[in-house]
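Taking the hints as your guide, dock the two standalone chains into a single complex.
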Amino acid sequence: MAEERKSVLRLENITKKFQGLTAVDDVSFDMKERSIYALIGPNGAGKTTTVNMITGVFPPTTGKIYYRDRCINGMKTFEIARLGIGRTFQNLKLFNSMSVLENLMIGGHEMTKIGLVNFCFNFGGSKKEEILLRERAEEVMEYLGIQDLAKRNVKNLSYGRQKIVELGRAMMTGPKLLLLDEPAAGLIPSERKEFVDIVLRMFEEGMDIFLIEHNMDVVMNVSTYITVLNFGSRIAEGTPKEIQSDPEVIKAYLGDKYQEIAAKERRD
Amino acid sequence: MKEKKNVKIALLAALFVGLIVFPIVDKNTYHQLALAQTLVNVIIVLGLNFITGLTGQMNLGTAGIMALGAYSGQLMVQKLGMATILTIPVAILMGVIIGYALGYPSLRLKGVYLSLTTIGFSEIVRLVITNWADFTGGTTGVQNIPALNLFGLKLDATWKLTVFLVIICAVLVFTAYRIVNSKYGRVFKAIRDNIEAVEACGIDVAGLKIKAFTLAAIFGCIGGCFYGFLMTYLNPTQFTQDLSANYLLMMMFGGIGSVPGSVIGATAVTLLPEFLRFTKEYYWLIFGIITLLFAIFLPYGFISLFQKEKREEAGIFKILNDRKGKRKNAGVPKSGGMR
Ligand SMILES: Nc1ncnc2c1ncn2[C@@H]1O[C@H](COP(=O)(O)OP(=O)(O)OP(=O)(O)O)[C@@H](O)[C@H]1O
Ligand SMILES: [Mg+2]
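Chains as they are written, first to last, in our numbering: chain A, 1 to 268; chain B, 1001 to 1339.
Pulled out of the complex, with its shape left as it was, chain B reads as follows (with noise of 0.2 Å):
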């Protein structure tokens, strides 16, 4: 048990050093742009599986969480002059105020229509970029991004700022896995299972969510902030619903409410169109197709391959093992459920 729990250990040092030294090695832009993307990406999915994977929440606003993590820094740092470094707690910041101004609309919405409050929230935030012109420049955006300045250290290259990126998401992740793997994260997840029964364990179920909220949003600015510097502009067509859709591809992909999942997920969902680049003008078919196969096989996402628990009752397995099972004690009915 220990052991095995060593081994892992060591894998992911062994990957956390072999991410660094990736960028420092490998000189091809392309290359350090797709591990950077990636990245920010991982951080962003990381956050929105609080909220929706683990809280059950719909949450479609990610493109607005991320535009306002962005933009927020950057014109501070255009229009008052403010070190490139303080973007970072500036995006934090940002991420509580829109935790508090989604958590509270949820606290009265339940499903389809918390789904169209974040929707909207997120559209309110790209027409307000879009056509405040004088402060946010409008549909050209901010331009010319200045390189991240780490006291001194300047990130002026992208396989510099890739290697902060790298060590940025690793604290992410380890935060968000021990958040996950903690009391936060089991009453994150009995919410979604059963929010009366949490009221009456004395939980206070809005302060929660809230939380949950508040970390989504977090981690989201914070991704939306590095994905300014990594782009080196920003301007409202970065941040469509699109975009809010495909966060949500990812993290179902890889595996709600998981932690390794959602890093699976952003990955794969980033670095797929890279590889299927060689089928053109059938991309979005092939992807479209792939995406569905995922859904009815593995609803529970890439993850629950590794989960025995889900993977007896997730999609395929569930067909296979209904089959055997009906084979084997017809007639049973299942114990529980009953009265």
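In isolation and in its complexed conformation, chain A is listed as follows (with noise of 0.2 Å):
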């Protein structure tokens, strides 16, 4: 059954290096229509820098990246995110100076088609736009349950509300496919648990989602399926069952600690 479901990320033979540092080494995967998609892996990986070829940040240095079977090698990243790829990042990138409504509304600013000439004497026009992307950025933060900050300024806020704004101006944009990296990271548990939440129900709601993160309670529950990377070559991948128990995997990354939690699974 998996097999009759489309590709939407593809990556084939992706490597990357900064002058001689290998970062990513030859790594494949196919993340497929309707999945949560986990890269996982320890510190230095090569996930930010997986994440970052894929939204055009930089090119690879030899492979190619494949989005609904549209190779967009070479495209540039305001490209790329128009085909529908949203992204956070791991080290929150917000419009500092403004609040969280204008940081919402940026994000919808390729909603908005007047042009720059036209603004200057199209009153009516542009004002019913700014209408339309401001209720958009109120639909969102209410699905967010942020509209209470809608006036604060970013910079303000904690650093888990910061994410949940970084989260809705990707919304904004209206991607197909969202790319989070490390979302969860710096969240206390409940703010977590609220994220997770959240990513459930876009996906539900139809959104494909890309996953980084180090919290394993995260990714094991809301994951379909994991590509494990270690100095930056692909070392396993599987479904969460598969990953949890896979001896190399426990070797490099997840510890002793998760060996037991597979033991007391499979002997349940």
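Simulated from the structure, these hints should not be mistaken for laboratory data. Predicted model only: the values in this text are computed from it and were never measured. A virtual CB, placed ideally from N, CA and C, is assigned to each residue, including glycine. Fair warning: there could be bad hints in the mix.
Unchecked claim - Label pairs and their in silico Cβ distance ranges:
| hint | chain 1 | residue 1 | chain 2 | residue 2 | range |
| --- | --- | --- | --- | --- | --- |
| 1 | B | Phe1135 | A | Thr61 | 16 to 26 Å |
| 2 | B | Phe1306 | A | Glu79 | 33 to 43 Å |
| 3 | B | Tyr1104 | A | Pro247 | 48 to 58 Å |
| 4 | A | Ser28 | B | Pro1089 | 56 to 66 Å |
| 5 | B | Pro1089 | A | Arg152 | 41 to 51 Å |
| 6 | A | Gly74 | B | Thr1291 | 40 to 50 Å |
| 7 | B | Glu1274 | A | Gly74 | 51 to 61 Å |
| 8 | B | Arg1277 | A | Phe58 | 56 to 66 Å |
| 9 | A | Phe18 | B | Asn1131 | 40 to 50 Å |
| 10 | B | Lys1008 | A | Arg152 | 16 to 26 Å |
| 11 | B | Val1096 | A | Glu4 | 28 to 38 Å |
| 12 | A | Ser190 | B | Pro1105 | 42 to 52 Å |
| 13 | A | Glu79 | B | Thr1279 | 50 to 60 Å |
| 14 | B | Thr1291 | A | Ala150 | 33 to 43 Å |
Unchecked claim - For lysine-lysine, the following BS3-like pairs were computed, each having C-alpha atoms within a straight-line distance of at most 25 Å:
| hint | chain 1 | residue 1 | chain 2 | residue 2 |
| --- | --- | --- | --- | --- |
| 15 | A | Lys151 | B | Lys1004 |
| 16 | A | Lys127 | B | Lys1004 |
| 17 | A | Lys127 | B | Lys1002 |
| 18 | A | Lys128 | B | Lys1002 |
| 19 | B | Lys1004 | A | Lys128 |
| 20 | A | Lys151 | B | Lys1027 |
| 21 | A | Lys151 | B | Lys1005 |
| 22 | B | Lys1005 | A | Lys127 |
| 23 | A | Lys93 | A | Lys151 |
| 24 | A | Lys128 | B | Lys1008 |
| 25 | B | Lys1110 | A | Lys76 |
| 26 | A | Lys17 | A | Lys6 |
| 27 | A | Lys128 | A | Lys151 |
| 28 | A | Lys6 | A | Lys64 |
| 29 | A | Lys176 | A | Lys127 |
| 30 | B | Lys1027 | B | Lys1110 |
| 31 | A | Lys128 | B | Lys1005 |
As the list claims (entries may be wrong) - Just a few of them, taken from the derived set where beta-carbon distance is under 8 Å, the chain A residues facing chain B:
| hint | residue |
| --- | --- |
| 32 | Thr55 |
| 33 | Leu94 |
| 34 | Cys120 |
| 35 | Leu133 |
| 36 | Arg169 |
| 37 | Phe231 |
Following this line, the structure appears as structure tokens:
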């Protein structure tokens, strides 16, 4: 059955070298439609580098990247985003001089059509457009439960709220595929649960999700398929169950604690 | 809320009418010139605000932009006998051309390198108009600029030109205000805040930077065009690097990124020398001290006195606040930024 589903994101023999350092080494995987695909691995394994190549921040040294069977190598970041790939950043990248509402409205900028020259003369049209954009932002804020923060400056929010705002901004672009780089890192448990709920809800509503995450609770609970990187190379892929019991993954990343859990689960 | 807005509009309308009436009533040419020069500077600072204030791309080429805006039209009047009114569309066209010419390098250059490029641009313009004497008049420049003729209405006295400038300036202030407070102003600011995030939103940053440069150049060229009519002559010594720095100063003085700030900054820095005239040879010293005090205590400009958010984090207020804060919650770490 899994074979019938269409490919959303496919990497073929992707390698990225930074001068002497090989950050990503001949990595291939195929993310299918309707999945929450997790990419995990220890620090420095090349996860963020992989996302940066997918989003066109820098090109892979060798290899090809396909989004819905279309090769996106060489496309610019904003062009890739326009295809419907949204992302959040490991280290928050918000517009710190602005309010939550404004951050979200920038996310929706591409929804608007009126050009600069037209804008100077078309008063009614541009006003209508602004209202539409604001309404969309308000919808998203409500969806995320942050409508009370609309007027607040993002830099005065807690880290957890900032992460939600960044997610909201990504949603404003209307993505079909969302790349989340460590969304739960630095969150307190209650916030983490909130985040997981939101991600699951978005998935159920039709978005495909590509997730980088260190927190194993999150990964094992939400993802449908996992690829494990270590020192830039793929060392395993499979369902959460398969990954939990993979000896190489345990050795490289999960550690003994997970071996025990996995063993217990096998006994059950 | 609505009422407050109405009061504001009424005040602005009164100001507009007052500015129109002023040059008609006050027959002192010196006062009229001061107002006209202020209006020209307001227009130019509004432009600079798009590229440097909002988008955060340092532009030290304002003098070059102005020079091209002024010379292009006047040379066509002199050499081709073009109608004076057409200098305005010519200036706008020139602005578009400069916008692209300066915008493209800015896509690859950042910070100090961009500053140097814009200085280079300005100096090249100055050298060309100095040395291409056959065409530009060289160091003598363009003399005896004819009065601006509005379809038969000749603006042949300073007060007439000043009234017209008040109207043009009002239109441009209004346009700038609309742009700054729209989706464009927002994404310009976003580029300054975090360029990678802007791209991740599917926004073409390169295109926007060129738009911001083009806006700056159009406003700068229109300002330059009127500057020519006001002075009635043009020559290369008017467009030195000092001038560019002065416009930057006006913008910072009033408040980066804000239209009222640009207007206040341009007005204050244009008129300050007049008010400080009594200081004679100490003028530059006193002007320098005032500027420094502003940079230290009001880094977001004069306008930040009226903006709650910025007031709390700026200069003198921050110092006061921090003191208070330290006493109140000593030892409590700031939220956020963990990890
Ligand atoms: N722009 C860059 N230039 C040079 N080296 C880089 C660059 N980006 C990443 N690297 C290096 O590539 C390697 C992989 O980094 P990457 O950020 O992809 O790791 P990661 O798996 O995301 O780790 P973490 O869990 O810490 O986020 C690291 O050794 C890093 O130092
Ligand atoms: Mg990373």
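Now for the hints, and whether the structure bears them out:
Checked against the hint of 16 to 26 Å, the C-beta distance between B/Phe1135 and A/Thr61 comes to roughly 52 Å, which is inconsistent with it. Between B/Phe1306 and A/Glu79 the C-beta distance comes to about 41 Å, which sits within the given range of 33 to 43 Å. Range check, B/Tyr1104 to A/Pro247: about 56 Å between beta-carbon atoms, so the 48 to 58 Å window is met. Taken as a hint, the range 56 to 66 Å holds for the pair A/Ser28 and B/Pro1089, whose Cβ atoms sit roughly 58 Å apart.
For B/Pro1089 and A/Arg152, the hinted distance range of 41 to 51 Å is satisfied, since their beta carbons lie about 45 Å from each other. Between A/Gly74 and B/Thr1291 the C-beta distance comes to about 48 Å, which sits within the given range of 40 to 50 Å. Evaluation of the 51 to 61 Å hint for B/Glu1274 and A/Gly74 yields a pass: the beta carbon distance comes to about 58 Å. The given range of 56 to 66 Å is respected by B/Arg1277 and A/Phe58, whose C-beta atoms sit roughly 57 Å from each other.
A hinted range of 40 to 50 Å holds for the C-beta pair A/Phe18 and B/Asn1131, which are about 48 Å apart. Taken as a hint, the range 16 to 26 Å holds for the pair B/Lys1008 and A/Arg152, whose Cβ atoms sit roughly 24 Å apart. A beta carbon spacing of about 54 Å between B/Val1096 and A/Glu4 contradicts the range 28 to 38 Å that was offered as a hint. Range check, A/Ser190 to B/Pro1105: Cβ separation about 50 Å, and the 42 to 52 Å hint holds.
Range check, A/Glu79 to B/Thr1279: Cβ separation about 57 Å, and the 50 to 60 Å hint holds. For B/Thr1291 paired with A/Ala150, a C-beta distance near 38 Å keeps the hint of 33 to 43 Å intact. Between A/Lys151 and B/Lys1004, the direct Cα distance comes to roughly 19 Å. Compliance with the 25 Å bound is thereby established for this hinted pair. Restraint check: the Cα-Cα separation between A/Lys127 and B/Lys1004 comes to about 20 Å, which is no more than 25 Å; the hinted pair holds.
For the given pair, A/Lys127 sits about 17 Å from B/Lys1002 by alpha-carbon distance, which is consistent with the 25 Å threshold. Only pairs whose Cα atoms come within 25 Å are accepted, and A/Lys128 paired with B/Lys1002 is accepted, the gap being roughly 19 Å. Note on B/Lys1004 and A/Lys128: the hinted pairing holds, with a Cα-Cα distance of about 23 Å set against a maximum of 25 Å. Restraint check for A/Lys151 and B/Lys1027: not satisfied, since their Cα atoms lie roughly 49 Å apart, outside the 25 Å limit.
Of the pairs offered as hints, the one joining A/Lys151 and B/Lys1005 holds, with about 19 Å between alpha carbons and a cut-off of 25 Å not exceeded. For the hint linking B/Lys1005 to A/Lys127, the alpha-carbon distance of about 17 Å falls within 25 Å, and the restraint holds. This hinted pair checks out: A/Lys93 and A/Lys151 have alpha carbons roughly 19 Å apart, not beyond 25 Å. For a cut-off of 25 Å, the pair hint linking A/Lys128 to B/Lys1008 stands: about 23 Å separates their Cα positions.
Using a Cα cut-off of 25 Å, the hinted pair B/Lys1110 and A/Lys76 holds, with the two alpha carbons roughly 19 Å apart. Using a Cα cut-off of 25 Å, the hinted pair A/Lys17 and A/Lys6 is violated, with the two alpha carbons roughly 30 Å apart. Between the alpha carbons of A/Lys128 and A/Lys151 the distance comes to roughly 21 Å, so the proposed pair stays at or under 25 Å and holds. Note on A/Lys6 and A/Lys64: the hinted pairing holds, with a Cα-Cα distance of about 18 Å set against a maximum of 25 Å.
This hinted pair does not check out: A/Lys176 and A/Lys127 have alpha carbons roughly 28 Å apart, beyond 25 Å. For a cut-off of 25 Å, the pair hint linking B/Lys1027 to B/Lys1110 is broken: about 48 Å separates their Cα positions. With a C-alpha separation of about 20 Å, the suggested pair A/Lys128 and B/Lys1005 falls inside the 25 Å cut-off, and the hint holds. With 8 Å as the threshold, the beta carbon of A/Thr55 comes within range of chain B, its nearest partner Cβ sitting at about 7 Å, so the hint holds.
Interface restraint check: A/Leu94 against chain B, minimum CB-CB distance 7 Å, threshold 8 Å, status holds. Among the interface hints, the one on A/Cys120 holds; its C-beta lies about 6 Å from the nearest C-beta in chain B, closer than the 8 Å criterion. A cut of 8 Å between beta carbons decides the hint on A/Leu133: the least distance to chain B is about 7 Å, and the hint holds. Interface hint at A/Arg169: satisfied, since its Cβ lies 7 Å from the closest Cβ of chain B, which is below the 8 Å cut-off.
Restraint check, A/Phe231 versus chain B: the minimum CB separation of about 23 Å is more than 8 Å; hint violated.
Violation of the numbered hints given earlier is confined to hints 1, 11, 20, 26, 29, 30 and 37; the remaining hints are satisfied by the structure.
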